[in-house]
Structures are given as structure tokens and as C-alpha cells.
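Residue numbers (my numbering), protein chains in the order written: chain A, 1 to 72; chain B, 1 to 593.
Please keep in mind that the hints were generated in silico from the structure rather than gathered at the bench.
Predicted model, so just to flag it, every value in this text is computed and none were measured.
One or more hints might be untrue.
Said to hold, decoys possible - Sample of chain A residues at the chain B side, in silico, Cβ under 10 Å:
| no. | residue |
| --- | --- |
| 1 | L12 |
| 2 | G24 |
| 3 | G32 |
| 4 | D51 |
The beta carbon of each residue, even a glycine, is placed where N, CA and C say it ideally should be.
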Amino acid sequence: MTVRGTIRKEDLGAGVFLLVADDGKTYSIVGGDRALRKHGQAVVVEGDLADDVADTGMTGAKALRVRSWKAA
Amino acid sequence: MRVASVWVVLLAAVGCGRPASLPPPVPAVPPGQTPLAIVVDLADGTSKAEYDALEAAWGVDVEFNSIEGPRYGVTLSRGALPADVDGLLATIRATPGVEAAEPLFLYSAFGAFEPNDPRFPEQWNLKMANLPAAWSRATGKGVVVAVIDTGVAYEDHGEFKVVEDLAGASFAKGWNFVSDTEHANDDQGHGTHVAGTIAQVTNNGKGVAGVAFDATIMPVKVLDEFGSGTSADIADAIRWAADHGAHVINLSLGGGARSEVMESAVRHARKKGVLVIAATGNNGARCADSCTVSFPAAYDGVIGVSAVGPDGKLAPYSSWGKEVDVAAPGGDKSKGDASGVLQATIDPEHPGTTVYSHFQGTSMATPHVAGLAALLLSAGASPEKAERALLESAIDAGKAGWDDHYGNGVIDASAALARVSGGAAIGGTVWRLGTMAVLVWMLLRRLRGMSSGAPSLGLGFAGGALLGTVGLFFLGWFGLPSLPIAGRAFSALATPMPEWGNGLFGGRLAVVTLSAAVPMALVFFGLPFYSLRRLLAGLSVGFSAFLVSAAWGGFSFANIAGTAWLVLNAFLCWHMAKEVLRMTAEREAKGAL
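Bound-form chain B, shown alone:
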């Protein structure tokens, strides 16, 4: 009978537990861009005829957002918005009968999303580095990445024009060490491409996407129109960037000779907490049994990046050696142009013209790592923690463990972020634990009011509850093993279970674990095993706390259905936890008799 009531809950949830009923995950709108739509909350009970009459004055078509629309008066704009969205919102807010009007800022709830940049599907490199699943956690906001290179097409200045897909990106003041001016314009094309990989304007319906698209680029020119520069200028540039607010330095350049001056500049930057990332070099085709990594990548304190092609194998040009720390996609055009890395850059013959080019090189791999470093820093990691996370989360390639071709392996942005945030991206750890405390209190209060009474909870309950809400985050304190299978397992346990869908499926399927489905399935199979019951109850209440936190303030959905989904599933989890504990208490009471 009691078991049956759990089954009823189970079946009820399965019936409404279809992920398809959720809105599709949608990308975050970078600041400074036109929102995808606006939401207008009309007085409850406003009819379609009433708001249709208002539309003409507003110049925008709004429709009820869902079947609940007529009851709650929430409408969503359809079609294109005018350029002055703020003005439109002010007009709408001033209309009698309007309770609120706001731009629709959509956050990806479930990890992976597809930005609307039309050539994003060609960016195999971003998918390889597992970025789509990372963007719900971090976008690089507030982090300054110095691109020490041939310059960047970041401003309109004389014959130079900002490339179209960097228009609207964030830039810090830079410097031109070649001509000693503050205009670090690109006359070669390399630096703009590199900057694009880091912070191409993303989800702007134009061109391509970048790794850390909300990061700030500091353009620093040290290489001339043919891509060469002196170690003295590069050393100066490293110091300059570190002293002018850079958090990360990208060095897609190198030479064969050690320079004491450059090495000391790197030490200076590191001492200031700046992460320095550099290309290992493109000498691979000339390497047989041994290979040398170029400088600055070979200096201590620099993260040396080798390059892989779309197949994940070391690119034929990539230099390798004992100073390789990590690998990233750099392209392999021996397999065709499309196997290069695609970004916007300038046509070097006509620096005012934007072109989209497939480049290859360890130069192209390096900014993937610099961008990831920016993501990790923007998620709140210290430089040391960010460096450790990006190295330790890399997917092992080549020989097991570290090797001189791939270093620790190919970067995995999502896994790296999971390490620094401990899964705290949605809501905060403290917030979720607080929510759980309230839910457990409600649970016990309810049980004490029943004939069964409340059972003792114990370690099994606590473990399950932690796994469901915040993950066994303390595992990270001991350092996670870098072995591929054990590392993944540890990483998963350190992440709250509701977020596992991100890592397992990515994309829309990630919603599977953001529901009552997993605890229900586990209760379904685990209930007959008495010793598992407290763990299952804990897990259920943990899920419940996670889902409540998510619904409350962790992220916004495109419509009310998403929030309703989370609340409903949270309730099912809580109810299930209560039922399991009740059965446990009754069984214990019986045993005591």
C-alpha cells in the first residue's frame, strides 16, 4: 500500500517527465546587443483584443507566452525589435495596464547551446574544446586577455577598420611596440584571428563565435606586417600588459633562442598573478625522433600549447617536447581548408576589409587555452586554481598520462569549469545547502506529525543529500586524479547529480537529470534494498533542494513552463524522500516491536 503510493508518484512524474515539454535551451545574450525579444507583463486577465489594441502604438507584435497567458497576462514580442529597445520598453512601461516590460535575457539552463552565429557550425574546434557546455557557467566577463601579436583590428583608425565580428567586443587600452603609438592595429591578420578565437562577438547573428566572448581584449602589437618581432619588444610587451591590468597573456609567437630578458618578463607577469600561455611552435614537420619547443613556451611558468587537428591527433606541424603542458585545436589543413580554425580577420592587402579565414598553427591552439583561462578566472578561480583546473581536466591523449606530444591532453572547458565551480554555477553552494536544510526540516516536521514518526537520518542520508545538491565538492580539496576514468568519476562525484546531464549528454538532453527522473529511477530499483533507503531519501531531498534553488534564482527560463517544471519536479523529489523515510520509520518501528 505504502510502496504503491511511491509508485503513484513515480508514474505521475514519468507522465509529465518528458524533456520535450521544456523550452529549448537558448543562448545568453551578450551585453550591448539587441535582446531576442521582450516580455510584457499585462494586468492579469487582459484579453488578446485588449493588447492587440496597444500593439499599434508600440509598433511591436506581442502574443501570450503560453496557455497560462490569459490568466497571468504574460506576453512575448514576436518578430524583429527596433534598434532602440530601451525606448520601446519605456513606452510600453508607461502604458496603463502594463505591470512590467523587460528585455528577454535568456540563459542556458542546461549547458550546451548553439549560438546564432551563422558559421558557428563550422567551428569544430569550439565543440572539441567542449565550449558549448561551458558557456552556461562562464563567458569571460571582467577578464582582460592581452593578445601580444601583430595587433588587432579593434578600432577604426586611418586605413584600419574594426573587423565586423569584433564590433561590440570589449577592448582595453593597448600599445603598439612596433611604431610606439597607442594604436595597436593589425596589418598582418594573425593577431586579429587570434583575438577572434578568444573573444569574437558571439550570438550576434554574424560570422563566428569565440571561446570567452565576454572577455576584454588588450591589443598589444609587437610583430610587424610580416609577423616578426624582437625578443626585447616582446619582453617589454609582457611587462607592459602585466602592469596595465591583463589577467591572461596570449603569446601565439616564438623563436628558437632563449632570452634572459623575456624570461624575466614572464617571471614578472607570473609574480603579478598573470597567466601566460604560449604556442609550442610549428616545427613538427622537421621533427623526427626529437623536437624542440620554442621560446617563450619553453620557459618555466608558461603554459605551452601544442596543436591537434579535428581528429584529435597532434597536427603534423605542431612542435612537441618536454615543455608541452596541454593541447588544443589548432587545425590541420592537410585534410582540407575546413579543418583549419575559422575566425574573422583582416585581409592583409586591405586592412580595412573583413575576411573569414581558416588558419592553422599552434598560434591558433594557444588562444583556445587563453580563452579557457579567462572563463575560469571569470568563474571566480584564482590564477593558480585556474591553471590547475585547465591542466588537470584535459582529456588524456597519446600515451597514458602526461606525454611530450599532448602534455596533459586536449582541453575540456566544461570539465575545467566544473572543477573550479564545484558545480556552483546554478545558485550558490551555500544557498542550495540552506534550501536543503529548510526542506529537511519540513520533511521531519511532516513525518513527526504522522503515525510513523521520523527515522534517524545518518551518514547515508547526508551523503545522498550532498550528492544531490552540491556534489561531493570536498573531493576537489584532495586534488583529482588525472587518469581518464578515475578523474572523470571523481569529477562527476564532485558535481551535483542534477548537473550530470551536462557532462553526459550536453545540449537539450541535459534536462533529463534536471528533473525527478533520476532519483525516481533509483528509488524504483533501490527500494527493495533496505540499507539503501536512507541514501535514496537523501538523494531525493538533495535533488529537490537543487531544483528549488534553480527555479528560485539560479537561472531564468524563456517562459514560466521552465520554472514550473523545476518546482513540480522538486516537489516530486521531496514527496518521494518523505515517503521513503516514512516507510523506513515504519519498518524500523515494526522491527522494534
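Isolated chain A, as found in the complex:
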């Protein structure tokens, strides 16, 4: 699936990055790289929903496993 949105950093633990989609849904980001994880960055992410993921964020957001991404 393709998700357009903005990266948001939440102050939990060492810092947790979420993707807030333009449709308002929030995803926790799995995989990708450091460059993707910049607070406020507008991105288009190609990825798959994953339900076998646990993380330090525990924000309750669905996990999106990143296949590729680009700045929007």
C-alpha cells in the first residue's frame, strides 16, 4: 500500500517515529532508514501492514513495514 503523510516524532523512550497519513490515520514505522525519520518531513511510503510487530513505542498505531519511501 502507498501512504502519503508526515513524519512525527513522539517523545517516548529514546524517541518514536510515526507516519501521520493525510487521511488522518497514524502508523508506526517499521524498517526504512534514519533519513526517513525526520520530524515534520512529508513523505510517500510504500509498505505493508504488519501485525507481528512489537516496539518500544507501543502507541497502539498499526505497524507499517516500509518497502521504499521518498520525500513528497
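Given the structure of chain A, go ahead and fit chain B onto it with the hints provided.
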């Protein structure tokens, strides 16, 4: 006349009963660290001029420890010690005229102490969990806590370096499930922070303190550099840790989906007697009327931990729900950075660099509970007893009784330890009861030799004696009520009275009850009531037995004054018990005439 003699004892004790005359309580020195000082016992009568001549050869300045020094020759080193303390001790022991030389291992006699870690004062979280009052009873020694997380900065390996305030901590062999190697190094910063809350090196004059600083950390990496992992890896890690000697598993992680594989791994760990502690999640800001606890915290058999801020209120991020078992400090940085939990960790951009960071999250609350579990296990509790103690001793918060925000309440380490040790931390229960038997025998022997004779003792005497020596420990057998007031009262009665000062005041004031002051005050006011006399006599002799046991072998003081204090107060208590019984016997003899 006879009453007057009791008063004389009372006044004598009040005169010397000032807690200020005691040495300040001092922290235990974790093994592997430089002792605070060394004690050199010189031949009795050694003069200052004589030992001053020896100092140059030793390279360390020693002075008489107290005004008794010139008589007994006990001296204490001043100033910094060399790195090789063992070598120095060997040199000193080999010197003619030296009877003994040993490192000063200081134990906190009276509960609370302040470790010398410079940023300990910023650790509001440790005080909230009542840890300073718990460290005299347990430090987690011998207990292995698996930190299943992003790894731990526990070793120098390639670009990875052990963080400065974990250097010298105890580590078990771990595993890295992300790259399938034995190097479970942290490339994110979360796991090291969590491990620090559990076992940061404490009282090392550096950084911060940890909850169970003598516990052994087993670093297990399942989360990648961005803090995510798969339920399959986490399940494997839980099994691996349980099969490789972990006693406690800390899971500061979670996800939204139930995993049969992970649930069965948890069952496996529990079957092996491993306590599994997990974070309830950080979904709180998105919860209105209902909230869900993440997995693994939501599985049966897992202790789910919600987070509170420095005000003791549920942190805004904390998830809540029916699987919350207990709450612990996790920080609330909406009130500023200092309201986070401070530990040493790595800078994720430069994994070889130590930083001290304030983090917040149920991730940070969880290791407080895992650390407490380690303390309880190291105090000798079974896993079941440890779990019950930490849940039942929690301070109720929110709605009365269990609720879905705080579970049983906010953890209280000191109260939890009191439940498992039954106050047996200082000396042993059997030892103290034995001491009491001897003291009662001496008491009766003395009384029989007097004109009054010995009175019958009865249940009142026995009850008072138990309360003074070991506490009404059997109350714990019936389970203690979890209501805040009744629970506290039961908990107090199950603890020997001389230890009440710990719970009431903590810190140095705890010494108030480690003296003859309490039984004296009670005798002062209770003596006119005839029916109370046996209880008062029993209580006095109980105190006496407790204090003798404490002086004999329960703990060490920094100097002889502490031991002398206990012995003197023990004697006063014993003498008072004897006087009260004598008066009772005489009164009864008169009544019989």
C-alpha cells in the same frame, strides 16, 4: 521507690538517647568497588606518634576512629585510597603491631541512605518507589534479569562501548536475535536506559543509581536500531532467557496483536518460575472512555505495568485497562525534562558515547518493577511470594482497591520487602528468638533471686515480646489486606517494632525506634495500668533481644559507637523489663496476702 528506679532508668536513657550521637547511616559498597576507607586495628595502647611513623610507609593517613581510639587502637584511614586496596591491606597487615586491617564495608543500619552518585538527587522515581529504605534489606545480588530490548551497552565491541555507569555491573551471557550473534549491543539507546534503571552501578560516585544494583543483567536484543522487532523473535527471546538462567524478564515493548507463539513462550517462562514484567503501552493520549493494554502485558501470567509521573498520577501517555497489575514511575515530560526518568544510555548516533537522558514511557516504569522483583528474589522470596508481595504492598492510587489505571497501586519497595522478609533482614528470626529466650531466662533467674520472685508471664508478655523481636510475622500467613490503612497496620504489626522507624521516618530518624526510647515511652505512660504491665515487659525484652542481635551480627557500623549504642539500649530495655516484672510480682504478692 520502685517506680522511681524505673524513672531513673528512663531518664538515664533519655539523656543518652539522642539519635544525633550515632554515625550517619552510610551506603553499602557494591562489590568490586573501592571501599570508602580502611580500618586498621593497632595493638591496644598504640599512640598517635607511633602510628604516624607507620603512615609514611603505608602511604595513607590513619587517625583514631573515636575517643576510644587510644585505648583500643582502632584507626580509620582518611582521604583517598590507592587503586590497589588489597595490596595496601597486605602491607599494613604485615606491619608489626597491627592486629587487623580491613576495608570498610558500610551497611545501612537504619534503612534509607543516599548513594553518592552525583545525580541521584534527580532520581525522584527511585524515592517514589521507596527504594532508599529498601536497599538495607536487598540489592538484587544473585538474581538474573533479562532485558529483552534493543540491546544493552554492556561491553566494548567494535564501535560499541560499555556506558560509563554500567562499567563494573554484573552481566550474564546474552543473545542478539536481530543479527544472530552473542553480541547484544545497543544501537538505539532504549535497552541501555532500561537496564540502567534496573542495575545502574550505584554508589560509585558517578552518574546515577539503579533499583537492584547488584542484580545481573542478561542483555537480549530483539528490537532493531529503530526499536521494532517481530513477535517471533520476542517469543524466542523469552524462551531463550528462561532456559538460560533468567529469574526475571523485563519487556519494555509491546504490540497490538495477540500472538499465540509469544503467549506460549510466556507460559513456558512462568512454568520455569520466571517472573515476566511488561509495559502496558503508551496509547494513553488516544484513549478516551476505553483503552487497550498492549501485548505481551495483556497475556495471563505477565505483570502489566502502567506509568505515573512525579505527582503520582497516571502519565498522560500510559495505556490502561483490565490487564494493568501495578503502576510505577515512568515520567511525565509534559511537566519538563526533569520529570522524566534519568539513566545513563548511549547516544544512538554515536553508540560509543555515554549520555544521561530523561526518558518517559511505560518502558521506563517496567524496569522499576523488574528491579523490585529482583530485590524480592534476592531477599529469598519464591517467585510466587515475590509477585504477591510486590502487588499487595503497592500504595493504592486512583479508585479504592484495584482499578484499571493503576492496578493495585504504585509500587513500594520497602513495604514489599517487609512482606517477604517478615522483618528478618537484620539478624534472622530464629537467631533473634534464641537471643530472646536467653534474655528471658536471665530475667527470670535474676527475679527469682530477688525477694519479689518471678511473676507468671502469660500471653500478654509473649505478644509484646514477639512484637519487639520479630513482629507478629504469622499475620503474613493469612495474607495481608490490600486496603491502604488496614494493610499498613497489618504490615506494621508483622514487622518488629524496632524497625518501624524505617517505615515511619526513613533516613536517619529511623534510629529513633532502634533504641530503648519507644519501650521507655510506653512504660512511662502505661505503667499505671496494671493490666498492661506484662505486655510492656514483654515488649521491652523483645526490643532488648532485637538490639542485641543487631549489635552482635546483624549489621556493621562505621564505628564502635554504633554497636555500643545498641548494647546500651538493649541493656536498658532488659533492665526495664526486669523492673516492670518485679513490680508486677510484688504487687501480686501483696494482693495475695
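A quick look at each hint next to the structure:
no.: 1; hint: L12; result: 4 Å, holds
no.: 2; hint: G24; result: 12 Å, violated
no.: 3; hint: G32; result: 7 Å, holds
no.: 4; hint: D51; result: 4 Å, holds
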